[in-house]
Each structure stands twice: as structure tokens, then as C-alpha cells.
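2 protein chains.
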Amino acid sequence: MDLNKLLKPRTVAIVGASEKAGFGGDTTRNYLKFSKNLDNVFFVNPGRDTIFGRPAYHTLADIPADVDLVILCTPQKTIISLLEQAAQKNCGGAVIFASGYSEVGAEGKALQEELVEKANSLGIAVMGPNCAGFANFINGIFAFAFLVEERDRSGNIGMVSQSGQIVLGGLDSRTMGFSHVISSGNSCNVKVEDYLEFLVDDEDTKVVAAYIEGVTKPDKLIKTFRKAAIKKKPIVILKTGKSAKSQQLAASHTGSLSGADKVLRALFRRYGVIEANDLEELMGLATAFSWLDKLPKGERCVFMNVSGGEAGVMADLAEEYGIELAEYKPETKAYLQTLVPDYGSVNNPFDMTAGIGYNTPVMVKAMEAISRDENVDVICIAYTITPEVWDDTITHMVEAASIAKQNPDMKPVVWLPFIEHTRDQESADALKQAGVPLLPSGRYGCDALKKILTFSTTEFEDMEAAIPETRKTKTEGLSEYESLCFLEKHGVTIPPQAVAATAEEAVVAAKTLGYPLSVKIHSRDIQHKSDVGGVKLGIRNETELKKAFEDIMESCSKKAPDAVLKGVLLKPMLKPGTEMIIGVNNDKDFGPMIMIGMGGVFVELFKDVQLAPAPLSRKQALKMIHSLKSYPLLNGYRGSEKCDVEALAKLLVQISEMAAECKETVKELDINPVFVTPEGAAIADALLIKYS
Amino acid sequence: MDLNKLLKPRTVAIVGASEKAGFGGDTTRNYLKFSKNLDNVFFVNPGRDTIFGRPAYHTLADIPADVDLVILCTPQKTIISLLEQAAQKNCGGAVIFASGYSEVGAEGKALQEELVEKANSLGIAVMGPNCAGFANFINGIFAFAFLVEERDRSGNIGMVSQSGQIVLGGLDSRTMGFSHVISSGNSCNVKVEDYLEFLVDDEDTKVVAAYIEGVTKPDKLIKTFRKAAIKKKPIVILKTGKSAKSQQLAASHTGSLSGADKVLRALFRRYGVIEANDLEELMGLATAFSWLDKLPKGERCVFMNVSGGEAGVMADLAEEYGIELAEYKPETKAYLQTLVPDYGSVNNPFDMTAGIGYNTPVMVKAMEAISRDENVDVICIAYTITPEVWDDTITHMVEAASIAKQNPDMKPVVWLPFIEHTRDQESADALKQAGVPLLPSGRYGCDALKKILTFSTTEFEDMEAAIPETRKTKTEGLSEYESLCFLEKHGVTIPPQAVAATAEEAVVAAKTLGYPLSVKIHSRDIQHKSDVGGVKLGIRNETELKKAFEDIMESCSKKAPDAVLKGVLLKPMLKPGTEMIIGVNNDKDFGPMIMIGMGGVFVELFKDVQLAPAPLSRKQALKMIHSLKSYPLLNGYRGSEKCDVEALAKLLVQISEMAAECKETVKELDINPVFVTPEGAAIADALLIKYS
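Those sequence lines, one after another, are chains P and X.
Numbering (this note's numbering) for the first sequence: 1 to 692.
Numbering (this note's numbering) for the second sequence: 693 to 1384.
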């Protein structure tokens, strides 16, 4: 659906325009106050001839022109008829504030379905219902239902939110400047993914900020993420639904289902989407990327303080957030030492003392020296800016940062305050002008800085996404043997195996496989083989093998009388090693996700797993393995031999490629365990569930 | 040392008083602007007859009265002589701004020692050197070296900081009100612990906020913590020194050594001291406790929002910070449902909608109903307050909170904004007036709320502290047998054991102990017994025992030729169980600390340990065990039998009592492992290091 008439209309009609308080009046007042062009807006109100001194039309039909966009401030029951009237005016977009749709149960859902059908048939792109509208600061269109303070908000952040209040939060910010803000509401026939794509494509938008409750167009979401990753345009997303409670709230708020949270996070990591965990992070990160004139080339940071105490606090925070402290080159250190008084010493965090912090030109020199140091990638000035400035230090330091940034070679500089409710607007404006992001305070600021550094230095690996085209529900579970055969057929290395329907066949097979062997029941119907006496390990010769065959068949016949027994599965005993678990889960929206963790309590108790979308590159597979907290156990823990992590990564890649290739057929795969030894990695057991 | 003349002087002299910028001038201006009584202040400056129109004296001697406190704004080299002159005036306190002491290496350290000696001999309590001074808002004394904005800052927070800048940060806050602020600087003969004690004792101080870099009077610190715990007066502490870098910075900043960080944190937990991790937390927590009119009686919270999106964000944050969401009683829920429009639903977090949030009297009713609900302990209104209010909702909600709090039965109410740089002063003042703390934003606010709830509901168990009186350094390591005997002698239950110098003695001992046995070399000189063939397990009879004896003695003689071998240690084989580690480390400042963790990778890789000062009560011991992430492995993991956690706790208590009793003699104890089974807990190995 084309969004141009909705988001960049040439003509606009406000239906329900009014001078009174409420959606109609507030929208009218907002439009008059903030829109650039008032020649092409038409007010519609059956009971008025003028509104705020401008002509009003009684119906849409009365308007003497085509209308690209209608802003409907009227109640739910009027909407369908108004859309029909709007269509007569060649309308292509509608903003619907009315609520009473999918957020209020079955009846509302039906009304929303009717609305979607009508809008689609009329070719009208609908924002809402149950939304707060939008503002396009580039073309000067302000179609927003809540009154906001009067000031310029134009800038380069494109924001879309399923919550109107959160858009309002953005508009309230004194530091954010926007290209577009969009409150998508219940997302009728235009979804949050459509807006995201619009903003990623939009040349006036430098950074995208989004609050989302649920996903309905996974393929478009991924396509949009990929586009942004290739452009290196930052997308910052706050996604609710971590807790069961917030999932329930999202359902009753905009009728959204939150979707599998861990899966989304894995996708964020893949595409370099920056996750915000609350509003402060969302706004802070968007502002930081918006102001930043260039991205840091590495992660090594120098903190500049004007207090020994604050330098100490900064050091602790930097360590907590994993921010690398740059090591000065000796000549930098020697030069800086000449700038501080005798009692000062040059560290990082660097307590500049009054010698530098209270003296603009000296501080510029210090910043230039630090920026020239090839061991430094970014400078962070850490000092609190009070609500009104009466402390000269702030003035000196803001001035110094501004002057230093005039040098085009100056590396990226950010500013981190320690305490909030503290923003002198003049200082903030000067820093914005200079391209020095004013981060949120303390821990928020450190979190933002770390995320900026990670975004800036992570290279995007463009793996083709594997989103299934079909949605099947009927499934069948394969036996271990069948599962392994399936894997082998799709390129996954598996250890030798054979099945035997009789003891004699087993003996023949054993000649090829070699002893000692593991012998397990071969049946699709038995999942927990040990529980029914279906497993014998360490079988050393023909005699033992024959007995094992008979014992297993007898025990399983007795203990699982309904199971179809197809004989036994024979495999040479694997050399035991560190036990890993690899799993595949085919997400209904985003396709196969691959999981790895260490067996036992590491996965279960410490939740030490890594998840990523399939397929994986070798580098991505290694990164997943290295990211496990239990990784040291693979890597020569306490003097033991190092396990073959490359082999494990290779296996992970093979499995991920299988999962991507079979995205329409494989529902789940559980490989538990994989034995990893210094010599390699071998699958010891596998259970695959296919769509049938 | 008596601090009254220092902190509550009746007469004050400012030496180096001036009209110029700098310490002297700024202190003078501050004093004139902020002090209540200007009759008893004397300006001293050899070159001036008047300063700001008031008489100035050329020397201290010229002052026609006694001087309780001198504020020395002059350089380091003048200080000793000035103290001597001050003593002539019966001076008992001095504030010294000058730097160049212990923060600048050996020479400065010597100067500081000289200063301490002089001050002690003259009976003068010194604040500083290298400090920013103090303000006593109760008696109206403002002896502070940095200019601050003009406004009333009086209140009930007592703040002490080793960093002057951090005191300044507090004074800059628009929400904090103080009884006292103290910048202790290098803490010459009055230490940060002395100020802490002063503030805990002080009736005008409701909450104590402290920034500390190092501890020098551990006994006084503990005594002060204990006093505060008994009074339930909150102490909020920001302690740097988590990272190696900040430890290094503290040393060069005020000459402090950061001290064992984990030990301090264990003490904080014991005494209910609230830890802040950065400045925002320090200021936010202090403000919250300062404004709160009463402490919550439980931890169950209702969040009141005016946005479905923000309610979702709130739910995720509450879960992340472990804040319990109250479950309404049915009648509360039914009543609230009557207050919201059709499209609203009553949840927690509760999206009140415009029906409640935009309507003061209705919101008061909602708050009263929620407060009456016996399932609710605290109400948190979560809404952002913009810098200037043009959104009526804020006005309505602040009003509602204020009115609701007039009811003396109203439960504690706090306010949590989502986004910072957002404080309308009028709203903030109204909330303060109402006893509704305005928390810092988002995650900071949640962290503060959780800490308030924990502080409010945790009962203090007054265990006698075990701080050693002597400091010894020479140590000796005991053998396993000696270690176990030592433990037994001091009340710790140990399994049966015997030593045997010959094979024959071993056979005799075995008759009492019973087979199977473990046999280990008995020698102080061999720590890693297995490495030298000094361990044989599962010895079943006399023949095996004799052979084991000979093998062990032979192998150890060969592989540890220098060790004195005293024979073997015999113990009945323990039933294997879950392996725990218990350790004691006698901190040089704070005495014996006891540690517990699960053996193997849990301690080493996941750092899953708990630490607490000895001795422990049963309840404290159980809490430590329950707090381990690996605790589920003791508690019937995956259908296994539950281990005897009570027995483990009992052992932990015994060991902690031994450690407290032997605080002058035991340096370290390493019990690894303790086997915990469903039947009990038994020490399998122990190594004790004593002071000799």
C-alpha cells in the first residue's frame, strides 16, 4: 500500500474540526499551530461555518478539491461512512483516532476487520484506529491528537510507536528533533513494519526509533532491518513483552500479540538493531545517534572528568558496561602532564583538574592531543550540566567541546552527565550544534555509549533470511535413525550408524561399524528409550550384541506394547567429551532459529544459551560459542586439553544450513548431546520433528 | 575527638577571607549569603581592614573573642602556624581547603602526618585537608569553598563525601534538602567514619548519604552501621573501588585505599546499608528516603499509569527489578472497573485511562480503594513530569496524590517518571510536601523502589561483630588432620578420623573407624596430596590398608623428599553427595568473612558464591544457601531427592561461630568439599591457616 497520500499529503481534511477541547479541537489547534502550509487544509464540521476564523465545510463532499488525507476526529460509528465519502474525493490516507476496535474483545475485532476490508477496497491507507496520529516535520504536516508545547521539533529522528503516549513522550523531549513521528495505534491496514520501512527508506531520517508491541509482517520487518543494516542507519527499538504481564497488557492495549521475544532479540543482534529496554534508553539512544556527526572507528574511550571522585565512579561504570579504557601513547600522556598542575596525574578516566577543566583553550589543546592519539577512538566528557548554569566549569567545557569539534579530524565526542533533572537548554543546544551527543545520565549514558560503540564497530554479515512461505501445523516425529539420516541427507556430518531388524542383521552391520557399539531401540513411537529398557551401551562382541538385541526387543515389547518396533539402531560408541546441546526451532514468523548451549545445568539453571536465526556463517557460529558463559569449559579449563571448537562451529553451520534449506519442512530439531573432544564434535543423539 | 566545635561552632573565623574569586573569596561570599547568623563570624586577612563592608582582622590573634572554628582558605605552607594561632583562641575545629598532602606522594604524606600530629596535640578536629568544607543547615553555618546557586537547601539528608565535587552535585540537586553536607577530603584526624557516626546520631538527620573511597576505622564503621540498623535510619553509600582502575584513582585522589570491596558489600547486606552504584542512585535514594513519610510494610506494589504502552514498559521493568505486583482483592478490582470507561480494563500495572488520570476526585477515589486493599503495600504512580507543565494530566495526578496523602491511613506512595530532564519544580515541590518521593527515571527509579522495599521489610538480626583486635602477619598452615581437630575443638562437627604413624597403628584405628576407608598422607608440608600419590580411596580391608600405607609412604618419600611425613590420616569413606565449598577469610579490617558456594565450575566460572561476616544465625546461613544460583541443585533438582540443607546451614553456623571465636588466630579456612546428601552434610577435606 502506498503511504504517500497518508504521510505526505498535498491536501488534508480534518473531520470533526472544532474549537472545543477533545480530539477534534486539539487536532485543529495543533494543525493551525504547527503545520507549514494552511492553504490546503479543510475543516469539516456539520454544525459550523467557520472554525478559528477559517471556513468550515459541513461535509467532505462540500470541499471544492481532492483530499489526499482525512483526519477523522469523530467516533467509531461514523468511520465507515466517512471513509466512503473520502474515497469520492480521491482520498488515499486516513488517520483514525477513534477507539473501540481490536483492543476491546471480539466485537471490536469484528469492527476492525470490517474497517480493514472497507479501507482496502477503497484504497485508503489507514493510520490507527485507536492512534494519536502523526507529524511530518519535513513537509510540515501536523496531524496529532494531543496538545504539545509550542516549539520547533524538526530534526532527523523518525519515530514510530504503537503507543500514542510514547510518541507524546518523544515530542516532550527537549533534545530530540524529528523528521516524522507516527502513532500507529491498532495498525489496521498499515502496519508498524510498513512505517519502519518508510522511515528506513526516507532520506530525511537519520535514525529510526520504534516502540513495538507485536509483529505482524515478519518478512517485511526482516527486509527493513536488512536495508537499514546495509545503509548502516541505526534503528533503536523498545519492544515490550519480556514479562508475561506486559504480554497480557499489550493484548488489551492495541490487540497485539507480543511474539517470541527471544527470537526477536536474536534478529536484532543479527541485523545490528539496537535494543532499548525502556523509554529513557529509547529516547537517549535516538538522540545520541541523531546528534553524532560521525561514528567511532573503534571502541577505545577516554573519559575526561573534573573530579577525582567522579573519575572513580566513571571507572567503575565503564568496567560494568564493558567500555574499553584507551591507553594513551607515551607522548600523549607526557603532553597532558604539562597541562595539569603538580598535584594532578594523567589517568583514564582523566581528572583534568581546574588546570584544564576551567580553561577553554587548554581544554581544547587537551582534546586535540587525545584525539590525535591513535590508541583513542572516542572521547567522553563526563560532567553534570545543572538546570541553570552558574558554574563556569560547564561553560568552559561546553565551549571547549564546541571549538574542538570544529576541527574536522576531531574524533567523536560525547557528553555524559552524572545526575539528571539537569539540562541547561543553552548548553544542550551548543553541544547539539557541535555534534556532541548529550547522553542520558550515569548508567543510562554508559549503556548508550556501549551500544553506540557496538553498533559502530560491528560489521554486518548479510546472510539470506530463511522465512518460511507456508504455515503448516500437522507434524510427525522421526526416530533417532530417521532424524540422523535426514540430517545426513541435508549435509550434516553424522557418525556411522545402521539399523537392523533382526539379531543377525545386527551382527552383519556390526562388522562394518566395529565394536564397541551402542544399541538402541529403533521406533518412532518411543521417545524415552532408556525408560523402556531400549538402550544398551558398550557392546563389545557378537554374543553381547545378540543378547542386547533380544533384551531390548523383549523389554520394549513389554513396556511399550503399542509401539511399532522396527529393530535396533547400532552406532560405534563415541569418545565421551564435553556435552553440548544444539536445537532448531522453526519460529512461525521468523523461520528456523538455532540454539546452542552446554548440556545439563548450564542450559537449565544458568540459562546459558545462544540463539540466532539460521543460516549461520562460520564467524557467526564461533561468536555464538564464544558468547557462552560456559565457553571456558571448552577452551582448556584448568589445564585440560582444548576442545575442537572449530569442529563444533562447523557442525553448527551445517545444521543451520540444513534448517534454512528445510524451512518449510523441519519444525524442530533437538540434538542432545553433541560430544565435543579435542579431536572433533560428534552428534550422539537427535530428534527431528517434521511438518507432515 | 569531639566534633561539636567543628560542625556546630558558636564562633567562626574565615582566614584568607576576600572579595576576589578563589577559595577565600568564594567561601566568604557563600558564608555571607547562606549563613543564618553573621554576628559571630570574623574575617581574617592581613591586607584588609574591611571585606564586603564588614570589619576584617589582620591576624587571628586580633579577634576579640574565642573562635570555635577556623576556616583556612590559605595555602598549605601557612597551615601549621595558623593552627597554632587558632589554638590560642580555644579553637576546636578547622576546615582546611589546601591540597598538597597525602594525595601527592611521599612528601605530601609526610606533611599530612605532621598536620595530624599538630592538630591532635592542639585538640583541633580538622576537616580536610584537600576538602571543600561543609554546611550545617540546622544551625546555619555555611563553610563551603565552591559557589552555589542561591536557594534554600535545608532538609533532613546528612551527606558526607570524600569528593568535594560530589557534595557539590548534591547541593546542585533541586530535590535534595540537607541537615548537613560534609566534604571530608583527605580525612586528617577526623575520618569519614566519624562523620557517619555524627550523622547517624544526629536527630535532625533522617537519612545519611555517603560517598566513600576507603575505610580507616572499621570498628567505628560497624558500630555506626549497627546503630543505624537498630534505629532503622537509612544509610545510602556509594563506594568506588569495584574496578582496579577506580582503586588506583582513589589512591591518587584522596590517598585512600579502597579496601576489600566484596567484604564491604557483605557488611552492607548484614546491616541493611543501601548501596548506590553511581551518583544518580546515591542522590535518588537519599531523596526518596528523605521525602517518604512512612516505610512500606510489605513489598506488594500497584503501578498506576495513563498509557497502555507505558504500563507494558512498567511491567517489564518491575519484573526485571524483582518488584512484586500486588494482586487486587476482587472488590477492589470491581470498584476500579466502575471508574474506567468501557474500553479500559483493571490490571496491575493499571492503565487508568483518561477516566481516572484526567480527573482529580476520581483518581483520589481510585488511590483510596487501592490503599484500602490489604494485598497492597505501596502505590507507584508512573508518569513523566515535563520541564514545564502544559499537560493537564500531570496537574490532575499531582493534585490527586497530594489530596490522597492527606488521609493518614494512605499507604506509601511514590512517583516514577519514565524520561529525564523533566522536572517541573512546582509539581516536585507539591509531591515533596505530600510525602510522595519523586524517584529518578525508569530503571533508576525501579532500582530505588526495590531497594526501599528491601530496606523497609528486612528485619535486622543483631549479631555481635567479630573484629580482631590484633594484627598479625606470620602464619602457619595446618595439616588436614590438624585442621579438622582444630575445627572439632571449636565446636564444628567433623566425621570420625584417626592418624597412624605405622601400618600397624592404621590397622588398629581401622577397627574403630570401620571400612571402607580413605587413606591420605599426614603431613603439614604436602598440600596437594594426590599429586604425590598421597591418597588412596575405598580401602576395604586390612590387606588393602597395609598396602595403601606402604604405597603412600613410599610414593610421598620419593615425590616430596623434603616433607616431614607423620604417617597417614584415616577416615571412613563418606557417602558422595553434592559438593559444596565453605571458606573463611579473616579480613584485616573487618574480621572473619564466611563464604559458601557449590564446588567446581559454579564457583569458578559463574562466581556463584555468597559472602557474609561471621558469626551467622541459622536464618542468615539459610539465606546464604538459598541465594546461590545453584541452590536448585540441592533442592530436588529434576526429581532427585532433596539434600539436607538444614544440616548444611548448621555446619555453616558452626564454622562461622568458630571463625568469630578464633578471630585473633584463624587467618584462612578452606573446606573443599563438603558433601551434602539427603541425610546430612559432612566435611570431606579442610585446610586451615593460623596466625602463629
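Just so you know, the hints here were simulated from the structure itself, not pulled from any lab data.
Fair warning: there could be bad hints in the mix.
Unchecked claim - Pairs of lysine-lysine residues, derived as DSS-like cross-links and limited to a Cα-Cα distance of at most 30 Å, are as follows:
#1 P:Lys559 x X:Lys801
#2 X:Lys801 x P:Lys607
#3 P:Lys242 x X:Lys1299
#4 P:Lys329 x P:Lys297
#5 X:Lys1142 x P:Lys262
#6 X:Lys989 x P:Lys242
#7 P:Lys629 x X:Lys954
#8 X:Lys989 x P:Lys642
#9 P:Lys242 x X:Lys1315
#10 X:Lys934 x P:Lys623
#11 X:Lys1142 x P:Lys242
#12 P:Lys262 x X:Lys712
#13 P:Lys365 x X:Lys1315
#14 P:Lys607 x X:Lys1321
#15 P:Lys227 x P:Lys588
#16 X:Lys912 x P:Lys629
#17 P:Lys536 x X:Lys1267
#18 X:Lys801 x P:Lys333
#19 P:Lys575 x X:Lys801
#20 X:Lys1299 x P:Lys623
#21 X:Lys1203 x P:Lys333
#22 P:Lys262 x X:Lys1299
#23 P:Lys297 x X:Lys1181
#24 X:Lys712 x P:Lys629
#25 P:Lys619 x X:Lys1334
#26 P:Lys566 x P:Lys619
#27 X:Lys1299 x P:Lys607
#28 P:Lys546 x P:Lys558
#29 X:Lys712 x P:Lys450
#30 P:Lys607 x X:Lys934
#31 X:Lys1142 x P:Lys607
#32 X:Lys1203 x X:Lys1267
#33 X:Lys1321 x P:Lys242
#34 P:Lys109 x X:Lys1025
#35 P:Lys329 x X:Lys1334
#36 X:Lys954 x X:Lys912
#37 X:Lys1025 x P:Lys623
#38 X:Lys1025 x P:Lys629
Status of each hint after checking the structure:
1. P:Lys559 x X:Lys801: violated (82 Å)
2. X:Lys801 x P:Lys607: violated (51 Å)
3. P:Lys242 x X:Lys1299: holds (26 Å)
4. P:Lys329 x P:Lys297: The given pair, whose Cα atoms are some 18 Å apart, holds under the 30 Å limit.
5. X:Lys1142 x P:Lys262: Between lysine 1142 (chain X) and lysine 262 (chain P) the Cα gap is close to 26 Å, so the pair holds against 30 Å.
6. X:Lys989 x P:Lys242: holds (28 Å)
7. P:Lys629 x X:Lys954: Holds, at roughly 22 Å.
8. X:Lys989 x P:Lys642: violated (54 Å)
9. P:Lys242 x X:Lys1315: holds (28 Å)
10. X:Lys934 x P:Lys623: holds (28 Å)
11. X:Lys1142 x P:Lys242: holds (19 Å)
12. P:Lys262 x X:Lys712: violated (62 Å)
13. P:Lys365 x X:Lys1315: violated (55 Å)
14. P:Lys607 x X:Lys1321: The given pair, whose Cα atoms are some 11 Å apart, holds under the 30 Å limit.
15. P:Lys227 x P:Lys588: At roughly 22 Å apart (the allowed maximum being 30 Å), lysine 588 (chain P) and lysine 227 (chain P) satisfy the hint.
16. X:Lys912 x P:Lys629: violated (40 Å)
17. P:Lys536 x X:Lys1267: It holds: about 28 Å lies between the C-alpha atoms, which stays within 30 Å.
18. X:Lys801 x P:Lys333: Satisfied, since the Cα-Cα distance of roughly 25 Å is no more than 30 Å.
19. P:Lys575 x X:Lys801: Roughly 64 Å separates the two Cα atoms, so the pair is violated.
20. X:Lys1299 x P:Lys623: Holds: lysine 1299 (chain X) and lysine 623 (chain P) sit about 23 Å apart, inside 30 Å.
21. X:Lys1203 x P:Lys333: Since the Cα atoms of lysine 1203 (chain X) and lysine 333 (chain P) sit roughly 73 Å apart, the hinted pair is violated (cutoff 30 Å).
22. P:Lys262 x X:Lys1299: Holds: lysine 262 (chain P) and lysine 1299 (chain X) sit about 25 Å apart, inside 30 Å.
23. P:Lys297 x X:Lys1181: This hinted pair is violated, its Cα atoms lying about 64 Å apart.
24. X:Lys712 x P:Lys629: Measuring from Cα to Cα gives roughly 59 Å; hence the hint is violated.
25. P:Lys619 x X:Lys1334: Outside the cut-off at roughly 43 Å; violated.
26. P:Lys566 x P:Lys619: Outside the cut-off at roughly 41 Å; violated.
27. X:Lys1299 x P:Lys607: Holds. Lysine 1299 (chain X) to lysine 607 (chain P) sits at ~15 Å (cutoff 30 Å).
28. P:Lys546 x P:Lys558: holds (18 Å)
29. X:Lys712 x P:Lys450: violated (43 Å)
30. P:Lys607 x X:Lys934: Holds: lysine 607 (chain P) and lysine 934 (chain X) sit about 26 Å apart, inside 30 Å.
31. X:Lys1142 x P:Lys607: Holds, at about 24 Å.
32. X:Lys1203 x X:Lys1267: holds (19 Å)
33. X:Lys1321 x P:Lys242: At roughly 21 Å apart (the allowed maximum being 30 Å), lysine 242 (chain P) and lysine 1321 (chain X) satisfy the hint.
34. P:Lys109 x X:Lys1025: holds (25 Å)
35. P:Lys329 x X:Lys1334: Roughly 58 Å between the alpha carbons, so the hint for lysine 329 (chain P) and lysine 1334 (chain X) is violated.
36. X:Lys954 x X:Lys912: holds (19 Å)
37. X:Lys1025 x P:Lys623: violated (49 Å)
38. X:Lys1025 x P:Lys629: Outside the cut-off at roughly 44 Å; violated.
Violated hints, in rising order: 1, 2, 8, 12, 13, 16, 19, 21, 23, 24, 25, 26, 29, 35, 37 and 38; the structure is consistent with all others.
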